[in-house]
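> Spelled out from the first residue to the last, the chains are:
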Amino acid sequence: MTHVWFISESDLRALAGDLLAAGAEVVAPVAVDACQSPSAIASSACLRPGAAAVDIEYRLLRDAAELDLGRGLPVLSLKQLFLPEHEALCRWQQRGVEVTVEEVPTAFAPRVVLAAKPCDSAALAIVDKVMNWDYADELWNGRRAATTILNLACPVIDDSCFCTAVGAAPDDVKGADGLLTPVEGGYVLEVTTEKGRTLAEAHMARLSTAADALVAGSDVHRAAARARAAANLEIDAASVRDWIDTHFEDPLLAALGVRCNGCGACTSVCPTCHCFDIVDEEEGIGRGTRRRCWDTCQAPTFTLHASGHNPRDDQHVRYRQRINHKFAIYPLKFGEVLCTGCGRCTRVCHAGQDLVEILQAIDIAARRPDATAAAVAGAEPAGS
Amino acid sequence: MNELRELAGKLLSDGTVRVVIGWEDARRGARPVFITDPAGADRLIFDTRCVHNLVTYLNPRRDNVAALGKMGLVVKGCDAKAVAGLLREAQLTRDDVVLIGVRCGGVLEENELLAALPLTPENVAPRCYGCDNREPRLVDYLLGESQPEPPRPVTTIAERVAALDEQPLEERWAFWTEQFGKCVRCYACRQVCPLCVCERCVADKTRPQWIEASPHPRGNLSWNITRALHLAGRCVDCGECERFCPVGIPLTLVNRKLQQIVGERYGYTVSDDPETPAPIGDYRLDDKQEFIK
Chain A
1 MTHVWFISES DLRALAGDLL AAGAEVVAPV AVDACQSPSA IASSACLRPG
51 AAAVDIEYRL LRDAAELDLG RGLPVLSLKQ LFLPEHEALC RWQQRGVEVT
101 VEEVPTAFAP RVVLAAKPCD SAALAIVDKV MNWDYADELW NGRRAATTIL
151 NLACPVIDDS CFCTAVGAAP DDVKGADGLL TPVEGGYVLE VTTEKGRTLA
201 EAHMARLSTA ADALVAGSDV HRAAARARAA ANLEIDAASV RDWIDTHFED
251 PLLAALGVRC NGCGACTSVC PTCHCFDIVD EEEGIGRGTR RRCWDTCQAP
301 TFTLHASGHN PRDDQHVRYR QRINHKFAIY PLKFGEVLCT GCGRCTRVCH
351 AGQDLVEILQ AIDIAARRPD ATAAAVAGAE PAGS
Chain B
1001 MNELRELAGK LLSDGTVRVV IGWEDARRGA RPVFITDPAG ADRLIFDTRC
1051 VHNLVTYLNP RRDNVAALGK MGLVVKGCDA KAVAGLLREA QLTRDDVVLI
1101 GVRCGGVLEE NELLAALPLT PENVAPRCYG CDNREPRLVD YLLGESQPEP
1151 PRPVTTIAER VAALDEQPLE ERWAFWTEQF GKCVRCYACR QVCPLCVCER
1201 CVADKTRPQW IEASPHPRGN LSWNITRALH LAGRCVDCGE CERFCPVGIP
1251 LTLVNRKLQQ IVGERYGYTV SDDPETPAPI GDYRLDDKQE FIK
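From first to last, the protein sequence lines are chains A and B.
Counted from 1, the first sequence has number 118 at position 118 by my numbering; the numbering is strictly sequential.
My numbering runs 1000 ahead of the 1-based position in the second sequence.
One thing to keep in mind: the hints can contain errors.
[Said to hold, decoys possible] If you want a taste of the chain A side facing chain B, the calculated C-beta under 7 Å gives, among others: (1) VAL258; (2) SER268; (3) THR301; (4) HIS305; (5) HIS316; (6) GLY352.
FYI, nobody ran anything at the bench for these hints, they're computed from the structure.
C-beta: ideal position from N, C-alpha, C; glycine also.
In isolation and in its complexed conformation, chain A is listed as follows (with noise of 0.2 Å):
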């Protein structure tokens, strides 16, 4: 059911400002100055000279005119729209042995995200199975089904995107609800689904029939940030899924892990991780609050049992973990990779893990059954 037109630049613009004007939740990406806050004195590099610290974050649009069309990658991806970092799962108050439950809304406002990453709607689809799967998630849902998102096609960033490896594009639809793509004077944008065509049905006086030349030019476009994808990583994601799930003890996994901190930002910036933890948290005497907040299989605490005893009990398999558990186990159980490439666990990490390399190594010992850990250079640490 694919529907397509032409909107200029100034029309989206426009567009995101009917939306609000109606009452409607706009999430974009923002360029958000750090050193424009009160508190710049918390970062040094805000104090010097004509200092800028500019990142681009996922934010409730205040006025259309902050739209950031720039397609830098958010710090963030959209995952903490759908799983907050901390969210209320019911509330509960005692009185002698009465206890009264109060439920929280799983019924969201409508919001709208436009110029969202194809990387990052990309994983709200794939992680969709697992919040559907023993148990239907009704935060998860609820959100989802209030969402509609147009993706802006990414340019990719740099050398560590590698969405193409895995299964995503830098053009995907997955998980949105159409796409704007870049052309001379504007965007042609195609929606894939009712929830988007409602959104453009709407806004018609917005929106113009798309030239053949216009679509065709998307067609360039898309294929050459395609082709700038591709050229910086290339695997074979069913023999790398296979080779993980028969190499459970391969030393390769093993030392692919050993000069990792187990700090956990990856987990946090990526678009996939979605493990959360459950607390009960009491709030005066006899009352309290019942949270979930983002886990982290990179932590110690993770898997510690009860017991005492903690079967993932050091950083190197805990790695592995996360290794196996985006490109074997999800893969086997779901059909698809945990993982868009976005390439932000690569950018985080400050003590140099590499997931492009990773795999490019996991991929080449899986090609070649007799290569050794010693074969694949820049993976084993150990340089033996």
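Put chain B on the given structure of chain A with help from the hints.
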């Protein structure tokens, strides 16, 4: 650099150590490397990008690193102070590790670069200013040429701490509430800290739960204050906690303020001399105790 590579190769060849941990050049810049083969010693580098405090790999809980065998560790002056901290607290014996000291004239604040840069007031890691340990003493070897003092950064950490101290209490409270409000409780600061070596961190205890796990302001404040107090008189100012913090909490300001307080109250300066006891493990009759009422 040749000196470092030759020494590492020799220590590995003659069996003095089984692994040398230093830095290498990788796809995205300098990073820690574990060399076990003498032929791999040529991968070692040392320049202004080598900010990582590799002493975190000496943590006695890191069995996978320990399993590599006796370790040769490349240390800067600040890193050597962390080794002294582990020795003071009986987490390590001196014979467990061969320390390869490098003379250091400061490191870059933004280190993820493909080539090293000379230091300037704009790019130097502010914590390096006034360094008192450019030539680590607690080492088995000391390599490299004598280094100049690191440049004075545009704004020093001491100046920033002083600016905060001058603020009225409410403003200072608002500042730290905002900063700790950003915390996502990933505990990256703890994981990378060479001195956070507890078998079980108080933040991970659930019976009772001393520190609430959710990243809301109340739990965040508990965690950040606890972390700070547990490092008082122990922190070596290597800055790794702040560098690893994914949300940019200025932990260096907390650490420096703690250093100042410990200095004023106990006359103690963190050094790489493991024989000087730290206030946390030392009782003196003249310790100030006017706060006990």
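> All hints, please: hold or fail.
Checked hints:
1. VAL258: Hint holds; VAL258(A) Cβ to chain B Cβ min 6 Å, cut 7 Å.
2. SER268: Nearest chain B Cβ about 5 Å off; hint holds.
3. THR301: With Cβ-Cβ at 5 Å, under 7 Å, it holds.
4. HIS305: Violated, about 13 Å.
5. HIS316: 4 Å, holds
6. GLY352: 3 Å, holds
Hint compliance for this structure: hint 4 is the single one not met.
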